[in-house]
Structures are given as C-alpha cells and as structure tokens.
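K.L.:
Fit chain R to the known structure of chain Z by using the hints.
Respectively, the protein sequence lines represent chains Z and R.
The numbers in this note's numbering rise by one with no breaks, and the one at position 25 of the first sequence is 117.
The numbers in this note's numbering rise by one with no breaks, and the one at position 13 of the second sequence is 105.
Keep in mind the hints are simulated off the structure, nothing from the lab.
Mixed in with the good hints, there may be bad ones.
Copies of the same chain look alike in the list, so a pair counts if it works inside one copy or between any two.
Said to hold, decoys possible - With a Cα cut of at most 30 angstroms, we get these calculated DSSO-like pairs of lysine-lysine:
hint, residue 1, residue 2
1, Lys-144, Lys-270
2, Lys-132, Lys-109
3, Lys-243, Lys-147
4, Lys-141, Lys-270
Number of protein chains: 2
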Amino acid sequence: MRKEKLKELTTYLEELKTLQFRPIEGSSFLTSETYECHLKCGRVIVREKLLKGKKEGSAAIIFALTKSGEVLLNIEPRVFTKETVLLGFPSGYIEPFEQPEEGARRELLEEHGYQAGKMILLDSFYQDEGCSSAYNHIFLATSCERVGSQKLDTDEIIHPFLCTYEETLELEELGYFKSANSKLTLERVKQYQKGRL
Amino acid sequence: MRKEKLKELTTYLEELKTLQFRPIEGSSFLTSETYECHLKCGRVIVREKLLKGKKEGSAAIIFALTKSGEVLLNIEPRVFTKETVLLGFPSGYIEPFEQPEEGARRELLEEHGYQAGKMILLDSFYQDEGCSSAYNHIFLATSCERVGSQKLDTDEIIHPFLCTYEETLELEELGYFKSANSKLTLERVKQYQKGRL
Numbered sequence: 093m094r095k096e097k098l099k100e101l102t103t104y105l106e107e108l109k110t111l112q113f114r115p116i117e118g119s120s121f122l123t124s125e126t127y128e129c130h131l132k133c134g135r136v137i138v139r140e141k142l143l144k145g146k147k148e149g150s151a152a153i154i155f156a157l158t159k160s161g162e163v164l165l166n167i168e169p170r171v172f173t174k175e176t177v178l179l180g181f182p183s184g185y186i187e188p189f190e191q192p193e194e195g196a197r198r199e200l201l202e203e204h205g206y207q208a209g210k211m212i213l214l215d216s217f218y219q220d221e222g223c224s225s226a227y228n229h230i231f232l233a234t235s236c237e238r239v240g241s242q243k244l245d246t247d248e249i250i251h252p253f254l255c256t257y258e259e260t261l262e263l264e265e266l267g268y269f270k271s272a273n274s275k276l277t278l279e280r281v282k283q284y285q286k287g288r289l
Numbered sequence: 093m094r095k096e097k098l099k100e101l102t103t104y105l106e107e108l109k110t111l112q113f114r115p116i117e118g119s120s121f122l123t124s125e126t127y128e129c130h131l132k133c134g135r136v137i138v139r140e141k142l143l144k145g146k147k148e149g150s151a152a153i154i155f156a157l158t159k160s161g162e163v164l165l166n167i168e169p170r171v172f173t174k175e176t177v178l179l180g181f182p183s184g185y186i187e188p189f190e191q192p193e194e195g196a197r198r199e200l201l202e203e204h205g206y207q208a209g210k211m212i213l214l215d216s217f218y219q220d221e222g223c224s225s226a227y228n229h230i231f232l233a234t235s236c237e238r239v240g241s242q243k244l245d246t247d248e249i250i251h252p253f254l255c256t257y258e259e260t261l262e263l264e265e266l267g268y269f270k271s272a273n274s275k276l277t278l279e280r281v282k283q284y285q286k287g288r289l
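One chain only, chain Z, in its complex shape (with noise of 0.2 angstroms):
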C-alpha cells in the first residue's frame, strides 16, 4: 500500500468524524408501517416495515473500476457507527422508476462523475429481512471514465478516494471495511474475478 494513500485516507477518515451530536425534534426520512399478516398456516402475526424517505429502501452498491485500473471508493459520515465515518463503494437508493442498473449508474455519475462502461450484477439481497423489503444489488462497474464533477444533495458528504484493487484488498485486509454492504461486495467482487461467480 502507497504511504501517501494511506495517509491520505486517515486524513478524510479524521475530517468527516463526528464531534458532537444535538437530538433534535421531527422525523422525515424513517418511517414505519403496521401490518396483521394471516398466514398460510392460519396463524397471524403482526410486524412492522420500515420505510426510507416513504420508499423500500433498495439500493445499489457498485465495485467501480477506471480505464486506468483504479477503484473508486468513498469515504462518507456514518454518524451513527462507533467510528463515525466509513470508507465504503459507491452507493445509493434505487428510485422507485429506476431498474437497479440506471439507479447504480446514476450513483455513481453523482457521487463521482463517473460513467460506466459494462456493469455487471455479481450478487442481490435483502438489506434487513425482519423489517424491511429493502434488496439491494452489488454490481461491478468497468470501464469507468470521468466525464463530469461530483454532484451531491445538498446534505450529503462523499470524500472520493482512488486506489488500485490490489490496495482495496490491502484496505479490506486492515479491516477498514466494516459494513455489511462493503463486505459482500468484496467478496463477490473476488469471487467474481477468480471466475467461481
């Protein structure tokens, strides 16, 4: 792994930290629904879903490889984690209109400006089965070029970080990976390139 990458890394990872958290009122983004469901059995039970923004919550991660062989990689607030920032992929909600793929593309066109050349889905799952609907799909972009600038809502807060595949192993290795998402991603993404998939 390149020293100065390295530090570079730790530099954005020590930036993005949370100092202080103020509870605030109101909700907006989560919410939930209640359901009685009469099963097949005759039994019936009652679960609650949750809801992002009002939607499933599906989403898409992309292992995004340039032209020249580099991966792009983001490094993001996740306030609520011990850490409280996180070095993940690309990623983002599939908009109820979208098939997965235009959804992965236009993440990683906003929260890059990158442009995919063949994507390619590696794997799909449910985020959190218990109470969610949410599936989201790994996908591996390649060919990626930049063709714009980041464009990001205006809450949002994406450090991207560049770094040869064999540095994302090294990374994923010392343990800087740390969510579910990135982690099925690596693997499939390995399993991908050693032809099992």
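P.N.:
What follows is chain R alone, placed relative to chain Z:
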C-alpha cells in the same frame, strides 16, 4: 441433497407464507431519533437513527453444528420480502446487558433448545451503516447438543430445519439464502473451514 429434506423445506416455506396484509395503526418496535451532527471539518449534517424496540438492534447470527454434524437452520416468516418467508440461520438481538457470545448462546437455546460447545466469532459488521448503530456478529457454534425445547415469544414463528453441512452449501447454491446476514455468514464459515481466517 436428500429428496425428503428438500420436500420438508418446501412444505415449511409454503406453510409460513403470508396470504394477506392488513394495515393497522400504531408502531411500537421501529422508532427513530434525529440528530444534528457537528463534524470535525466544521460542517453540520442532520441524520436519523433507527432504533428497534428502543435499542440499537445489534444481532448475533449463529452457524450451529450439532454433535452429529448437522446444521441448525431457521424457516421464518419474513413478511416484507417477496417470498414472505425465508430460510436462514438462528439469530437474534443482543440485549444491552449481554456480551455478543452470551446473546448468541441464549438465542440458540430459545430458538432451537440447543446448547453450544465452543462459540467462535468469525466476523462483525454494521447492518445498515447509513442510519443505524446495529453491529452484528457471526458465530460458529460447535458441538451443539439438544438440552430442551424451543421457547419463542408469542409473536415469533420459527420452523427448525436440520440438514448436513454439505446440504447447507447445496441450498446456498440453489439460492435459498437471500439476506446479507445469511450470505455473509456462509462466506465466513466456508473461509473458516478452509483455514483462511
């Protein structure tokens, strides 16, 4: 894969399907808290935190091998998935006063009536890093022995399903495991068995 086992699985998966959803008022399990987060770089962002039963919602997932070499699996209503019922591993929320291993042992006892020998922590990860503190733990439980019967909460339904290690991997190949928790658990167990971790 033994034919009668696959038939048993199919029957359970069918029985626990949800036929009808009736929306009802009120929410008691999923709630959220909103925070103004003051970052080190000076920016202030607003984020909402998901709570489950007023708690963080960290869970333990257990790949449990019995003394006779079988794997303890769960068939559970997962009403908001497309299938409305999923095959998965014993798992449950860790109580605030518990260590992850304690929670894992308790869940295995409650859901299957089995006591584990050794408990090996294979990995830990954030379940949904954008809006939650939930930090899940994957355990491999060895030499599990039946010491009692299933003890579930009133509204909980779990069909225990036992099959061999090889059959579990076959069910993975066949696409029966569909959640991030289950998929990551399988990867870590296979890596452990290959002496890679």
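K.L.:
Does each hint fit the structure? Answer for all of them.
P.N.:
We went through each hint and held it up to the structure:
1. Lys-144 with Lys-270: Answer is both; intra-copy 22 angstroms and inter-copy 21 angstroms each pass.
2. Lys-132 with Lys-109: between (48 angstroms within a copy, 6 angstroms between copies)
3. Lys-243 with Lys-147: Close inside one copy (22 angstroms), not across copies (35 angstroms); limit 30 angstroms.
4. Lys-141 with Lys-270: This pair counts as both: shortest intra-copy Cα distance 25 angstroms, inter-copy 18 angstroms.
In terms of the numbered hints stated before, the structure departs from none.
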